[in-house]
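K.L.:
Here's the letter readout for the chains.
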Amino acid sequence: MATGVFSELRAKIKERTLRTDKWWLQPLITFAVLFSFIIYATFRASENKYYYLEPLVSPFYSPCLSTACVEGSSPLGQPFNNEYFGIGISPALFILIFPLGFRMTCYYYRKSYYRAFWMSPPACAVAEPHAKYTGETRAPLILQNGHRWFFYAGLVFNVLLTYDAIIAFRNEEKEWGHMSIGTLVLVFSAAMLWMYSLSCHTCRHTIGGRLKHFSKHPVRYKAWTFISALNHKHPTYAWISLFGVAFADIYVRQVASGAWTNFYLF
Amino acid sequence: MARKLKLRIWRGDATDGALKSVEVDVNEGEVVLDVIHRVQATQMGDLAVRWNCKAGKCGSCSMEINGKPRLACMTQVSSFPEDSEITITPLRAFPVIKDLVADVSFNYRKAMEIPSYEHPKDLAPGAARMQQVDVERSQEFRKCIECFLCQDVCHVVRDHEENKKSFAGPRFFIRIAELDMHPLDILKNRKQKAQEEHGLGMCNITKCCTEVCPEHIRITDNAIIPMKERVVDVKYDPVRWLGSKIRKREGIV
Chain A
1 MATGVFSELR AKIKERTLRT DKWWLQPLIT FAVLFSFIIY ATFRASENKY
51 YYLEPLVSPF YSPCLSTACV EGSSPLGQPF NNEYFGIGIS PALFILIFPL
101 GFRMTCYYYR KSYYRAFWMS PPACAVAEPH AKYTGETRAP LILQNGHRWF
151 FYAGLVFNVL LTYDAIIAFR NEEKEWGHMS IGTLVLVFSA AMLWMYSLSC
201 HTCRHTIGGR LKHFSKHPVR YKAWTFISAL NHKHPTYAWI SLFGVAFADI
251 YVRQVASGAW TNFYLF
Chain B
1 MARKLKLRIW RGDATDGALK SVEVDVNEGE VVLDVIHRVQ ATQMGDLAVR
51 WNCKAGKCGS CSMEINGKPR LACMTQVSSF PEDSEITITP LRAFPVIKDL
101 VADVSFNYRK AMEIPSYEHP KDLAPGAARM QQVDVERSQE FRKCIECFLC
151 QDVCHVVRDH EENKKSFAGP RFFIRIAELD MHPLDILKNR KQKAQEEHGL
201 GMCNITKCCT EVCPEHIRIT DNAIIPMKER VVDVKYDPVR WLGSKIRKRE
251 GIV
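Chains as they are written, first to last, in the numbering used here: chain A, 1 to 266; chain B, 1 to 253.
By construction, these hints were calculated from the structure, which means they are not laboratory data.
All figures in this text were calculated on a predicted structure; none of them were measured in a lab.
Wrong hints could be hidden among the right ones.
Stated by the list, open to error - So the derived label-pair ranges between C-beta atoms look like this:
{"id": "1", "chain 1": "A", "residue 1": "LEU9", "chain 2": "B", "residue 2": "SER21", "range": "24 to 30 Å"}
{"id": "2", "chain 1": "B", "residue 1": "PRO115", "chain 2": "A", "residue 2": "THR20", "range": "39 to 45 Å"}
{"id": "3", "chain 1": "A", "residue 1": "ALA139", "chain 2": "B", "residue 2": "HIS119", "range": "38 to 44 Å"}
{"id": "4", "chain 1": "A", "residue 1": "ARG220", "chain 2": "B", "residue 2": "GLU23", "range": "32 to 38 Å"}
Stated by the list, open to error - Footprint (simulated), chain A over chain B, 3 or more residues, beta carbon under 8 Å:
{"id": "5", "stretch": "14-21"}
{"id": "6", "stretch": "28-36"}
{"id": "7", "stretch": "83-97"}
{"id": "8", "stretch": "127-135"}
{"id": "9", "stretch": "157-167"}
{"id": "10", "stretch": "194-203"}
{"id": "11", "stretch": "233-240"}
Every residue gets a Cβ at the ideal spot worked out from N, C-alpha and C, and that includes glycine.
Model the full assembly from the supplied sequences, consistent with the hints where possible.
P.N.:
Printed below as a string of C-alpha cells:
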C-alpha cells in the first residue's frame, strides 16, 4: 500500500520531490568525506607502524597501552597484551572505539550520516526510499542515547592528546623549550578536539541545560550561555576537528616513515 | 514594471489532481501569494488557497514552492531566477482538501494530546513570580505561529503515514520542551511521556524542521535535543537515576 507522500488522501503528485535546487550535493559531499575518512582510519589503524617519532605521537595511537607499542610511545605504560586468541591486534583498534563512538552518536553527525548514508531522508522534502521507519526507538539506534558516555570518554582522550601536544614542545633529545611544525599540528588538533567537545549538545545539557531555574544557579547559567554560543558552531568544530586529527596522523606518519622532515622553528 | 511569470499550480482534490501551467503578470517586490491571488482573480476563479495576514504571522499560507515547504506570503518572486517556472503545491504531508489547501487537523489532534501546564498547588493565583532568565528559553518557542511547515517537512510522518498515530512532531516537541523548562510547571513524567507517548525517540535529528521554520526557532538544537538529553537523564542514565533517588535533583522528574 502506498505510504508517505503517495498516501491515498494526499495530493496526487508522482514526483518524490519537486525541489529544483542541488539538494543532492550536500549529502554527496558528506558521504565522500566521511567515507574517505573511514577508509583512511581503517588503513591507519591496521597499519600499526609509523605512529611515533620523538616527540610526536599520532592521535590514532594515543594512549598507546599495548605491549606492541614502540619504545617511548607509552607514557602511561603498557598494561595490555597485543595478542588475543593468537592474533596480534593494533592498539589503534582499541583506541579508536571511543572517538568513533563519540562521533557516531554526536547529534550533528547523526544528521549528516542519516542523510548521506541512510537517506533517511536524503534531504528535506525529498522522499526517503525506506518502507518503514522507527527512528531511534529500538536496537541498534536506541544506543544513540549513550552519547554522554562517549562524551565523558572523549574528555579523557582530550586530556591525553593535550598532554601529547605539550610533550611536543620538546626536541628529539627530550629537551624542553622547542617547537616544530609537528608541535603546531598536534596543538591545533588538540585545541579543535576541545572545541568540538565543549560545543557538544551533551556538554551544554550537563553544564546547565537540565536546570529548570537558571536564577538559582548563576554560575552554571553563565557557563551554559557560553557553551550555547559555542554550540552554534558545533558542526564547524566537528569538521575542523575531524580534519585536524586526520592531518595530525598523516603528518606523524610521514615524519615517522622518513618521507617528511619535522622542521623545528626554535 | 510587470513581467510575465510561469507557474505550475496543483489543482485537484483527494481523488485526483494535476499540475496546471499558467502565465501571469508579476510586479517588482511581489511575493508568491500576490501572484496566486492574481491567478485567482484573472484565470482560475475557483482556485482554493488559504491565507490571512499576508505578513508571516498567521501561518495560514503554508504550501510547497518548488518542492520546499514555505509561507507564500514571505517568499519573494525575485528569489527565483527570472526565466524559471515556479511550481506550487499543497503541503504534501497532509491530506489535500482542494487545490492548495491541505487538511492540517492532524496537528490539532496532537495538540490536544500534550498535557498542559500544571500550576503548583500551594501557589495562589497571582502569586507566581518568575525571573527573566528562567523563562527566556521558553519564550523562543512561543514565537511559533503554527504554520506547520515543520510538521510537513518532518520525514517521520511525511514519508510514513503510519507513524502519525505515535508521533507528535517538531511543533509539539517545542511545546513539550517549553513546559518542561517552565520554572513553575510541576507535572511529573513529562519527559517519559515525550518519549513513550509522543514519539520523541522517532526523531533522528535531521534538522529539516529548523531549516523551514519561518520564525527561525532553533527547534532541533534548543528543544528536541535538550528534550532527548532530559529523557536520557530519566531513562537511559543509571547514574543520574540513582542520584535522583538518593538526593532529589532539580529537573529530574
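K.L.:
Each hint: holds or not?
P.N.:
Going through the hints against the structure:
A hinted range of 24 to 30 Å for the beta carbons of LEU9(A) and SER21(B) is consistent with their spacing of about 25 Å. The hinted window of 39 to 45 Å between PRO115(B) and THR20(A) holds, with their beta carbons roughly 42 Å apart. Range check, ALA139(A) to HIS119(B): Cβ separation about 40 Å, and the 38 to 44 Å hint holds. Between ARG220(A) and GLU23(B) the CB atoms are about 60 Å apart, so this pair departs from the stated range of 32 to 38 Å.
Here the stretch 14-21 of chain B counts 5 residues with a CB under 8 Å from a CB of chain A, which clears the bar of 3, and the coverage holds. Counting residues of the stretch 28-36 of chain B whose beta carbon lies closer than 8 Å to any beta carbon of chain A gives 0, which falls below the threshold of three, so the coverage claim is violated. Only residues whose beta carbon comes within less than 8 Å of a beta carbon in chain A count, and the stretch 83-97 of chain B has 9; three or more means the coverage holds. Counting residues of the stretch 127-135 of chain B whose CB lies closer than 8 Å to any CB of chain A gives 3, so the stated coverage by that chain holds, three being the minimum.
Three residues within the 8 Å Cβ limit are the bar, and the stretch 157-167 of chain B against chain A gives 6, so the coverage statement holds. Counting residues of the stretch 194-203 of chain B whose CB lies closer than 8 Å to any CB of chain A gives 4, so the stated coverage by that chain holds, three being the minimum. Check on the stretch 233-240 of chain B: 4 of its residues sit with their Cβ under 8 Å from a Cβ of chain A, so the three-residue criterion for coverage holds.
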